[in-house]
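Chain by chain, the residues:
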Amino acid sequence: MRKLGVVAVGAAALGLTLAAWTRQPSPTQGGATISGKMKFTGTKPAMPKIDMSEEPKCKAKYQGVPTDEAVVVNANGTLGNVFVYAKSGLPASYQAAAPSGDVTLDQDGCRYHPHVLGILVGQKLAIKNSDGILHNIKAKGVKNRPFNISQPTNMTSERTFSVPEVMVPLECNVHGWMHAWLAVLPHPFFAVSGADGSFSIKGLPPGTYTIEAWHEKYGTQTATVTVAGSETKTADFSFAAK
Amino acid sequence: MWATNAKIVGIVLGTLALYTLIANKIPQVQSEVPQALSLGANVTPEQLVAAGEKVFNGIGGCTTCHGLGTRAPNLLTDETGTGPIGVRCAKREPGKSCKQYLYESLDQPTAYVVAGYQPIMPVMTKQLSPAQVWSVIAFLESQGGTVDVTASDIPSTATTSATSTTATGGAGAAGGAAFAGGSTDPKAIIQAAGCLACHKLEGQGQVIAPDLTHVGSRRDAESIRKKILDPASSIAKGYEKLAGIMPKAFGTMMNAAQLEAVVQFLAGHK
Amino acid sequence: MRRYTEHPFWQAVGILLVAYVVVVWVVPLLPGSAIVPKSVVLQYMATVLVGVLIYVSDSEERWQRFKEPITAMLVEPRLRPVRSGVLVVVPVLVGLVAYGQVQTTVAAPPNLRSIHPAPPTEITFRGKAISLTGLENPLRQHPDSLPAYLADGKRVYYQNCLPCHGDHLDGQGHFASGFNPLPANFQDNGTIAQLTESFVFWRIAKGGPGLPREGTPWNSAMPKWEDFLTEREIWSVILFLYDQTGWTPRTWEKTGTGDGGRGTGHD
Amino acid sequence: MIDALLALVLVAPPVPRPSFLVPVQDTTKGKAVYVKWCAGCHGDGGAGDGAAAAHMLPRPRNFTGAIYKIRTTASGQLPTDADLLHAIDEGLPGSAMPGWRGRLSDAERRDAMSYIKTFSSFFADTSQHVVALKFSSPPGGGTGTEALKVGRQFYDSIGCRKCHGDQGRGDGPSAPTLKDDAGFPIFAADLHQSWRFRGGGTVEDIYRRLRTGLDGTPMPSFSDLVDQKFLTDQELWRLAQYVRSLSPAKPPEVRDVIHAPQIAGAVPASPDDSAWARVDRYWFPLVGQVIHKERAFAPAVSGVWVQAVHDSTTLALRVSWDDRTQSPDTAWLGFEQRLLETVAGDDSASLRAERWPDQLAVQFPHRLAGGAGGMERPYFLMGGPSDPVYQWRWTSQPRRAVAGLARGIDRFDTLPGTPAAQAVHDHGEWRVVLTRALAPSDTANEVPFDAGRAIPVAFFAWDGSSGEHGSRMAVSTWYFLALDRPTPPSVFISPVLAMLVTLGLGLVVVRRAQRRGTTR
Amino acid sequence: MADPLLLLQAAADTSRAYGEFPVIGARQFIWITAEVHLMFAAFVLGVPMFAVVTEAIGIFGKDERYDRLSKEFTRLLLVAYSATAIWGAMLVFGLSTLYPRFWAYLTAIFAPSMWVYAALFFIESFTLYLYYYGWDRWKKGRAKLWHWTLGILLNVWGTIVMFIANSWLTYMMSPPRDITPTTDPTTIKLWHAIANATWMPINVHRVIANVVFGGAIVGAYASYRFLAARTEEERAHYDWMGYVGNFIAMSALIVLPFAGYWLGREIYQYDQSMGITMMGGFMSWLWVIQAFLIAVLFLTGNYYLWIGMGRIPGAERFQPYTKYLLIVLVLGAIVWGTPHTMIADSKELAAMGGSHHPFLGALGVMSAKNTAVNLMILTTFLSFLLYRRANVRPVVPWARAGTLIQAGMFAVAAGVVLFYGIRGYFVEAIVRIGYSVYQVLAVLACILFVTVIDVLMARGAQSLGAIRWGKMPPRSQYALFILAVTFTWLMGLMGFARSGIRQYWHVWQVMQDTSAYAATPALGYASKMISLCVLIFLSLVAFVFWLGGLAEKSTFVATERGAQHVGH
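Chains as they are written, first to last, in my numbering: chain R, 1 to 242; chain Y, 1 to 270; chain E, 1 to 267; chain X, 1 to 520; chain U, 1 to 568.
So that you can see chain R by itself, here it is in the shape it has in the complex:
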């Protein structure tokens, strides 16, 4: 009986693999681009300082006192760490390419790098501990199964996510200040605003898209953008200090 079960599981796995293999990816080369800037108005909020005296190894990696990364306002008055993605508008026939390569989340200096990131469904998330001290990484997804793994040393663990979800909060309970945000998407049309506050989503098929910008503190904003061919359209967002 048990043997039968093993065989059955094996057969099922084989079937699944075959199904995945036969699913044809749509071409993504070319396509349209949406880009824009994350403007920030109002006074830049002072981020709380993080007391890392408990972890001298991390503390040593900073000059001065590190601060919380919840709100990162760039020198040009733009907002960093804003996640932008196509929330809807993809044609129904769209099939994302099989994810290639890993997304790496690094724990370095008792902070996550990057602080906000996106990943494809089924793509591997490599969680790396560069600190060599105990971190636990806890994913608190609601649609995805949550997990909580321990990394007491320099090591890398891999996990995948099976369902689209924006956002999966990631945290370390040993260091209460450590937070990261992971978006799991079925398509690669997402970006994170960088040090200049700009973003760019490339290779979009023609269509009318709802673009959502998400910020951990200032919430979400949406814009509707219609693109055709390989044109580039601009969608700027503006967040106000609260």
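Simulated from the structure, these hints should not be mistaken for laboratory data.
Heads up, a few of these hints could be off.
To be verified - Listed next, the in silico SDA-like pairs over lysine to any residue satisfying Cα-Cα at most 25 Å (straight line):
1) R:K57 with X:A331
2) X:K179 with X:L351
3) X:K179 with X:D166
4) U:K347 with X:G200
5) R:K44 with R:D196
6) U:K323 with E:K128
7) E:K224 with E:V88
8) E:K67 with U:K471
9) E:K67 with X:L505
10) E:K38 with U:A351
11) R:K57 with X:D156
12) X:K293 with Y:I208
13) E:K67 with Y:I8
14) Y:K237 with E:E233
15) X:K179 with R:I133
16) Y:K7 with U:L535
17) E:K128 with Y:K96
The structure presented is a predicted model; accordingly, all values stated were derived computationally and were not measured.
Given the structure of chain R, go ahead and fit chains Y, E, X and U onto it with the hints provided.
This is chains Y, E, X and U only, laid out in the frame that chain R set:
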């Protein structure tokens, strides 16, 4: 024959012993008797002290203030290094024995306010029977001192009580049945009855019991009247713990006109 | 073997042994059972012993046969070792028992109480007099609203009673270990199943502090719920207790026999 | 031949399991059971928000997320049916969840389990693989010094102490920041109380929790560490064995009477005196004060260890208990605030965290009852107006003890004489020694400690950093303190006498029987 | 209730309300005099019933032996009677000096009935003297019938005397509801006070109990004489007398619980809280003792019968079955004695989850107890039946069918008892109470019909040989002693229960006991007092017997008669 007799006696005694033994092995519970205390001529100091402790902790309401050490001196334990009340009572007033001092401080509390405290204590001789007053005195004396209250104090002081009431409150009605000389001025009655020892009214008085400043908005006249006559009939929300502290005797100590005056006065405080 | 099974002396010994095994080991094994207290074991064994003595002595012949091995033990030269053994063992046992009696070990005094103390005929609930005699649960007079009352009773139970009386109403809540006596077990047929709702109301309203002294030595931790709950909430939770356990409250006996001014409670 | 068979099997569709092997899972019946017995805490919708939930810490499980602490599956996986049933059957020690085995029938528990699974779509999702991990069995020698040393080494190296603290009492530097997935404050487990571990207190249970983690809590899974060979399986077992060794071998049994032996020489006044190691210690469970307003539904102190000795003139009582903090402790103020916001009390307004001290009260009756076998005692909850109790109250700030008479929970009158007190706070444990002369100086108010009788005693504890003060505390019922006397030789006289008399009687009986036997 | 204000003021009028008795104290004095007086009274009421019945058997059964027996009892009565009067006088003296206020209160209400009481006492003594001293004079024919009528009169007077005395004590326990503490006692109508709620139940209960008691004491007397007998004839006579005494005691005992049930029910109806104090309050442990005593009575009574089978030719047919009866009785005793609230240490309590055993606790409730006691009664009755049947073989043609019917009746009765006993666990309390009535009715019906069949079947039955009266081992006679002591002690215990439920009231909720002895003492103390009273009583009874022995030599029948029909 004697062997038979001995056996019979043995059987009888053995059976009795067995039953008695079993009955003694099970829980021994004696029924309770409400303690009727004879304060007759042969009352012992212990009986007085025991009765006094009940009054002190119960109907007398003394612990409301004297138990916490903030509103009134702590009587049962050390008060600023002078020992419990039984030790210090005789030294409080020159020329007054412990017994005299205690009685008078129950009878005319405002005359003996300890430094640092407010004159809020009601006249206890009006709220308690002479027997209760004297048993409280005996109890207080027992806290570190010697009890010298005897049965002879009780009847003789009943008249003392009446006279001293007269002296404080003016021409009291017979039997001390009216405050403030029978005046129908509600403020005078409230003052004389010691209401403000617990209640706050128009910015005066204490906050042990509900504030009466807006009592008219919570209770109508009928409810206030009932509350004075039978304090246990309704307890204000939040004061359940203090239920039973308000003396039941106010109704009998006021005449009808006085009661009505107070009731209407309070009901008007909306 | 047969010689032994048919001999009254060995039968008596066997019965006593079997009874002991049953009471001490078999009874606790039964589903939902527990160990039998020593006092009850003693009582059962004493009863069985009396029964055995009656058995061996109610016929003259059996009595004589019963005495045979004892006499033999006392007399027969070949049983000298047994005799000596008995003469040693019995005094030693007596000595041990005597030592147990005189030895000064301090034990906790037995903690006993009467389960159903006599209720007062009337209580004062938040200043309102409630006569308990003949009192029924007033909420039962509104059958349409019963589900609502029950739901409210359930809420009250879970918010207040649960820590001690437990999820299963069996007195084994997560705080039960801290109390002695243990909280009442409503699933047991000896508690609410035996009581009128008015009695339960009294116990809930007045709690441990409201127990009469004849119930001493009580240390019931039951709070005085009148400080927390309204009258309706208490009646609701009583409804819930009976509904959840499936017991029905004891009802008042009908006393309308017209026997001239008695049996109708207090005036 | 075999190959042919194998091919046949491969080609054949998976054989469905015979229906009688699949347990019938009836959610209608399950719903009835759930609504009757579970919904009061877990809520009608399974969201862990039943009527009782607000009074509990830890809160009842929220079934809608399908996140379960106690599993045999990898972190992030759903529990197996057996895992769920196990939690229902055995309950979760140290929480309000009772074991339902013996309370509900097998079918009822199974039905309820099936119904609970309907609250989350994860269970219906066939892509979820629920596979119980394969656990090895513990290596031997787990209680040896060497094994424990290895375990301790990994306890330090993999960072357990970050939350659980150096000695495992849940006082690590990260402990005050911990929250569970719902944002409720959560205590790092006190590893000295294995009988309160939610998933069970055996070495196997601990090992499993290390492998699976406790989902929904900060406790992570260490499986990756083993999989990636950073740690061998055996080393993880050693860690589990070390953690187990922190608690007593058996859950402490509650005994009624504290026996205080009489010792030669002066009583040890210091908590860390080596003499205490030779004295039997007694465990008394403490529970929340839920009798008077304000009630404490989630007390921080779950019990006290008590030892007592006397030297015929002085009594020394050593009380030790686990308390993460040496209150007041500013590091825990945030945690205290979250606790006060989480566990509902009787206050309508939410409480503000304040810097309360830790406290301990040891209570005796005001007077020792004479009659009725000494059964009569004052009300265990600090006596009453006419029946006071004599108490010692020790506070951590200022660090001293006072004696006084309590007449109910609201009233405490201090007495002049104070018991001597010495206290130590050491890695999450308070150890307090209270000493007083057996014969009181104030006979009217202080109870005499007479040797050879059962003196009722009760304990109360407050953890200031959990916001406990006033009537918010942990309480115990009455227990007894007995000052033992060395057995005097006279005690042996009457047993010996009884033996001799019995022997004499026996001889007489034998003699008579033999005489009768010979004459016959 | 215990408002100190009221108490302090109410205490004023208690001066000179109580006297004090030297050394032992007022309550103890009253306790002893009242209880010993009551025991003697019960004896002098129970024995005449006995004497009249045996005399009647002697007259109508033409059996000289019974007549002798009757006279022998009556002789005992003479001295016992004066003892009763002496103790009664002591009681009155004690009450009027030690509890004067209370006594004045009672006399204010009951004075007329007290005069009647005294008068009847006198008339009764007179009747007794006539009855005893006229025995040999009115021995034949119509005169004998007149003599027998005297005996009946004696019982009538005695019963009225007892009813009057009962009215006083039941008034104390259950005064009519319209009487309050402020009611002036002189305004209370006498009949109103007499016909109170518990008067009739107590009357009935006491009449039956007196029969039991008389029988038991007679049994003890006979067993003493048996043990002291020097000749075979004497031994045979007293063996027979002991049997008769025991038979009467046991027969009456079977119905006593039903009378007790009625009384208890009346008490509950009169005042719920009094009833609960009695059954569940501080008195609850008393019933554990009572259960033990009743178990002793059943076991000892049956034991006596079974040993007695040894002297009956033909009884060996039944002897193998006695062990099954014994098993039922022992199991019944175990159930009957299982406490609902168990004495246990904390570890046991924790294991049981409270003071109720989760499994055995089911035996501690009323359903189980009623079932047990009903089965024990049935078993005892069966023992009697076997005993009766032992030395005869029925010759009526339907003997076999009759026996089968009897067996069927036993089976049905036992089935009914068991059915309602088990069903009682599944119904609510009010219904359950009703079930005990069905159980009792089934048992009584069984007893009645089986007896009728048996009497019919015994007609012309063939004897299997004479009963060898006197061929009893001494241990059977000690059993009779245990029975007598147990009955007496049980009487004392029940008296304590009846009196103790008033707690601190002289007259329940009308007149408070404000003496130093107001608290009802604990059971241990009460048991010592009861034992003391029983000891005093038994010593005096022994003295009375000894006096009786001095007056006249034994009246046993010297001639050995043919086969006796045992029973009546």
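Right, here's what the structure says about each hint:
no.	hint	in the structure
1	R:K57 with X:A331	holds, 22 Å
2	X:K179 with X:L351	holds, 19 Å
3	X:K179 with X:D166	holds, 20 Å
4	U:K347 with X:G200	holds, 22 Å
5	R:K44 with R:D196	holds, 15 Å
6	U:K323 with E:K128	violated, 62 Å
7	E:K224 with E:V88	violated, 59 Å
8	E:K67 with U:K471	holds, 20 Å
9	E:K67 with X:L505	holds, 18 Å
10	E:K38 with U:A351	holds, 13 Å
11	R:K57 with X:D156	holds, 16 Å
12	X:K293 with Y:I208	holds, 18 Å
13	E:K67 with Y:I8	holds, 22 Å
14	Y:K237 with E:E233	holds, 16 Å
15	X:K179 with R:I133	holds, 21 Å
16	Y:K7 with U:L535	holds, 16 Å
17	E:K128 with Y:K96	violated, 46 Å
Comparing the model with each earlier hint shows violations of hints 6, 7, 17; every other hint is respected.
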